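S.K.: Protein chains in written order, with the working numbering: chain A, 1 to 319; chain B, 320 to 686; chain C, 687 to 998.
These are calculated hints, taken from the structure and not from any lab test. Heads up, a few of these hints could be off.
To list a few chain B residues with every Cβ distance to chain A over 10 Å, as calculated [to be verified]: (1) S358; (2) P435; (3) R586; (4) A614.
Reference excerpt, derived from the structure (chain A facing chain B, CB under 10 Å, subset only) [said to hold, decoys possible]: (5) R81; (6) Q209; (7) F211; (8) V212; (9) M214; (10) R216; (11) V217; (12) G219; (13) S221; (14) N222; (15) L302; (16) L306; (17) P308.
Here the structure is a predicted model, which is why all the values come from computation and not from measurement. The beta-carbon is built from N, C-alpha and C at its ideal position, and this holds for glycine as well.
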Amino acid sequence: MYVLRRLPSLLATLFAVSLLTFLMTSLLPGDPALQILGAENATPEAIAEVRAELGLDDPLPVRYLAWIGDALTGDFGRSYRTSEPVAEAIIDRLPVTAEVGILAIIIALLVAIPVGMLSAYRAGTRTDKIISSTSFGLLAVPNFMVAIFLILIFSVTLGILPATGWVNFTDDPVQNLRSALLPALSLAIAEMAVYTRLLRTDMIATLQQDFVTMARVKGVSNRRILFRHALRPSSFSLMTVAGVQVGAIIGGSVVIETLFALPGVGRLLLDSVVQRDLLMVQGVALVIAVSYVVVNFTVDILYSYLDPRISHGRSAARV
Amino acid sequence: MSTARPLDGRVDEPLLEVDDLRTYFDTPRGVVKAVDGVSLRVDRGKTLGIVGESGSGKTVLSRSIMNLLPKNNTIREGSVRFEGRELTTMKNKEMRTIWGAELAMILQDPMTSLNPVTKIGEQITESLGIHLGEKGKTARAHAVELLKSVGIPAAERRLGEYPHQLSGGMRQRVTIAIALACGPKLLVADEPTTALDVTVQRQILDLLESQQHQRNMGLIIITHDLGVVAGRADEIAVMYAGRIVERAPTKELFARNRHPYTEGLLRSIPRLHQPSHTRLQAIPGRPPELIDPPAGCRFAPRCNYAQDKCLTETPLLAPHAAGHEAACHFPVGTTAGQEALERNLAAGRTAAGTPLDSTLIATAGAA
Amino acid sequence: MSTPVPNLGAPHPGATSELTVSDGLIAETTEVAAAPGKKKRKRGLGLVFWLATSWLVVVLICAVFADLLPVKDPLTPDVINKLAYPGPDHWLGTDGLGRDTLARLVHGARVSVVISVTAVTIGMVVGGFLGIIAGFFRGKTETVLMTIINIILAFPALVLLLVLLAFVGRSLVVISLIVGFLSIPIYTRVARATTLAVAEREFVRASRTMGAKNSRVLAREILPNVVLPVAAFGLVAMGVVIVLEGTLAFLGLSVQQPAPTWGGMIFDGKRYINEAAHVVLIPSIAMFLTVLSLNLVGDALRTRFDVRGSNL
Ligand SMILES: Nc1ncnc2c1ncn2[C@@H]1O[C@H](COP(=O)(O)OP(=O)(O)O)[C@@H](O)[C@H]1O
Ligand code: SF4
Ligand SMILES: [Mg+2]
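Just chain A, with the same shape it has in the complex:
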């Protein structure tokens, strides 16, 4: 099965990612012991004691194995600052980031697919030019700017959506959606532009394919050609890029969660970076990188369902 064939490479990537996370956070300057103790309590003896306790004096491979072994059992250690278990802190905040991120992707796709298709269908016309220049322009608008303007419009001027804060889904689904909407939109705008442009290009190429001509001479309606014949073969790079762009969304969530005061993973990362809470940084970075890798792996698998040429073992011209 395709999934099984891809599994070794997934495991290898995960290993590499965990190793990189570990090295990055272990080799860079900054002594965790010093952090835990605080400057005033940091006598040399105390530092040595804490370092021994944390195993910081062991050789690197030993430290990596200990760390990853614990991580695999769900133990990422405790925050140097708050003593909160890192794993718990992450699990608490993950749903917020995931909800906003997924919502953003859904919004972006919901807009980009029809708009991109329309643009391709009407390629060269005024409609297309308007869509193309708008999306080109949107690429130059950073998400924090989008957020500011969305707040200005929807919270300050119209007062219909909250500018900050988060309501859990389990507490109040409607309020939850309202609190997620502006953050998700802020993340979605740039994605929308990316997807639209990508789909347009691919769709234009597809519409020039012989099989589209063949469909026309079969008497198939344009609408059906667009949706049933052309969309799927045009969506391969869209899928791949959507997976890759999850990275941008995760990065963006740091900004957006800060701006909208959402209790998500991005905010957690930022806070721990600012407070130099190293174990927390390490844990969050690992979780983010692993999620990112897994998302892209999943996209790869989905891709093989979309394109039978891959799952049937032939190499297809991948973009």
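Assemble the complex: chain A is given as a structure, and chains B and C with the ligands must be docked to it using the hints.
M.R.: Chains B and C with the ligands only, in chain A's frame:
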């Protein structure tokens, strides 16, 4: 005109009648006159071969006849009547009732003319659903029958396969099955065998021929290779630079070709009785630009017969025998032509300034 | 693994457009046969391109000559005139402390330009070098290099950046260096893809089979053909870096106050969004125009110099 009931063909009309069809593209470099005054006729059960070098406008002609070209940068004049119905003025909506149902097409590359991500079965049953209202089991059974009729073994299983799982020849059989699905009255095959192996080419052509006979269907085979239509077409039209330069029943054309371009094409077909080392003669030079083509005869720069008159006066199609027309001032096999050739041989160059090839002198002497 | 494209120092995948002209459901594109000997259709770069270039030149001049330009001092507060609208006194108004917006924009340009130029230069030189090596010599070198690069790219870029900033600290220089360092992988990838395409071309293959020295082929054939596409990419990447500075400013991680940066100005202005939206609007527009211009110019050049058949 029969515009009152545009969707009903009339049996007393010819199957396809193309009259002075022009198809130009407005491009940034100028107007490309890809099809420039073509008239054709295809009857029920007959095969028309359209032959010409690549770039001569064959594909554009076929798309123009089929009404498939984009509207925005295309200029189209003349008329295309399909069983008396004028196609050039039809909207896509009307065309859709004709496409697939009465008028079908197959393309050069079966690799690209099937949707790579859709199962074969679905691609066949789609038009069955649209035109015949067949669904589910009925459509499936019909599809199996179609696949069998085009010589695909294990037809049942193929329905669930994707195009990439089939060989090129099999794929072209599938596209034929799709084209034939709703029993079209006319099938346009644009270079149906160009992308295939030589052995497979023959099988596909045989298949087209037998299906045509069974269905009494009109067939247009477009090719750059006269050999492909040699034994199969009832009539052949030779196309050069957007125009038909010679048209004749197949036998007549091979026996008494009149146009120097046709002569060139004939020389480039491999013949069985020739020793295998005989070099095929391709026509030297390239087809002219279709943007602002030169005045006079468009073939003149490459023509061994070209005289001054050819550079100024455009030759029109003129009858030579029953059903045989050629557009040439100095037709091959006539005294005028023979004299023209001799004049050029004596001068060592044609009126267009093209030097004459010495091997040609030998051939001409032998003729 | 699928090949993630990172988002740091890398343009949005959609930022690189193909200028395809088409007519909707086209039956077939038969290209207009380019007659041999005739020059290809000359495509002018157009008015928009030159407008964008001019804007970039203006920004560059501001950055370089900020101290010499006849603008007010960007740090001097003018409390009476705080949040002033654009007028004769303050051409673009003032911020919440009454500091002159125009002056701050001009001086802020310096930060944007320094960070983006440094980062892009580092990424382009190092990444470009690695990519050419990988694409030219192929084999083990390529495998190892690309594996490492794909692993680095498996991290969302901003996450890497934040982690590094947490440990290494932040100043204009450090930020520029880190961003440059982090953008190496993407340039490697672009340069490699371009090199692969160039190396496949007739003249390169010919000179290689004719026994030209590798170094000679690299210097004479590959490098000149790879530099332009990579540089075009670098222009678009500059826009990304400028946005990144803004992002860092929002996170409170950019260059320390009170030195003006565009990102910092937007961040500060956000506070007055109710009363004086222009305070946030003006630096936003400056940043937007700059990034847009970089995208436009980079994209136009990329389309011109593109030697690759496909995306990355
Ligand atoms: N959409 C179009 N726009 C501009 N020129 C075109 C277009 N389609 C075809 N042409 C031109 O028309 C000429 C004939 O092309 P074509 O019909 O494909 O030739 P053939 O099928 O005989 O090889 C070519 O010179 C081609 O460049
Ligand atoms: S003889 Fe004259 S008219 Fe006839 S094909 Fe040659 S150039 Fe054309
Ligand atoms: Mg053709």
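S.K.: Confirm or reject the statement that S358(B) sits farther than 10 Å, beta carbon to beta carbon, from all of chain A.
M.R.: holds, 23 Å
S.K.: Can L302(A) be said to touch chain B, with a Cβ gap under 10 Å?
M.R.: violated, 13 Å
S.K.: Can we keep the P308(A) interface hint, with Cβ of chain B closer than 10 Å?
M.R.: Holds. Min distance 4 Å.
S.K.: Is the interface hint for G219(A) satisfied, with its Cβ closer than 10 Å to some Cβ of chain B?
M.R.: holds, 4 Å
S.K.: Please verify that hint: S221(A), Cβ, nearest Cβ of chain B, below 10 Å or not.
M.R.: With a minimum Cβ separation of about 7 Å from chain B (threshold 10 Å), the hint on S221(A) holds.
S.K.: Report holds or violated for the interface hint on L306(A), using the least CB-CB distance to chain B and a cut-off of 10 Å.
M.R.: Nearest chain B Cβ about 7 Å off; hint holds.
S.K.: Verify the interface restraint on V217(A): the C-beta must sit less than 10 Å from at least one C-beta of chain B.
M.R.: holds, 5 Å
S.K.: Return the status of the interface hint for F211(A): holds when the least beta-carbon distance to chain B is below 10 Å, violated otherwise.
M.R.: Holds, because the Cβ-Cβ distance from F211(A) to chain B comes to roughly 4 Å (cut-off 10 Å).
S.K.: Holds or violated: is the Cβ of V212(A) closer than 10 Å to a Cβ in chain B?
M.R.: holds, 8 Å
S.K.: Find the nearest Cβ of chain A to the Cβ of A614(B) and say whether that gap is larger than 10 Å.
M.R.: A614(B) clear of chain A: closest Cβ-Cβ about 33 Å, beyond 10 Å.
S.K.: Hold the hint about M214(A) up to the distance rule: shortest CB distance to chain B must be less than 10 Å.
M.R.: At 5 Å from the nearest chain B Cβ, M214(A) passes the 10 Å test, so the hint holds.
S.K.: Per the CB criterion, is R81(A) less than 10 Å away from chain B?
M.R.: violated, 52 Å
Going through the hint list in order, the structure does not satisfy hints 2, 5 and 15.
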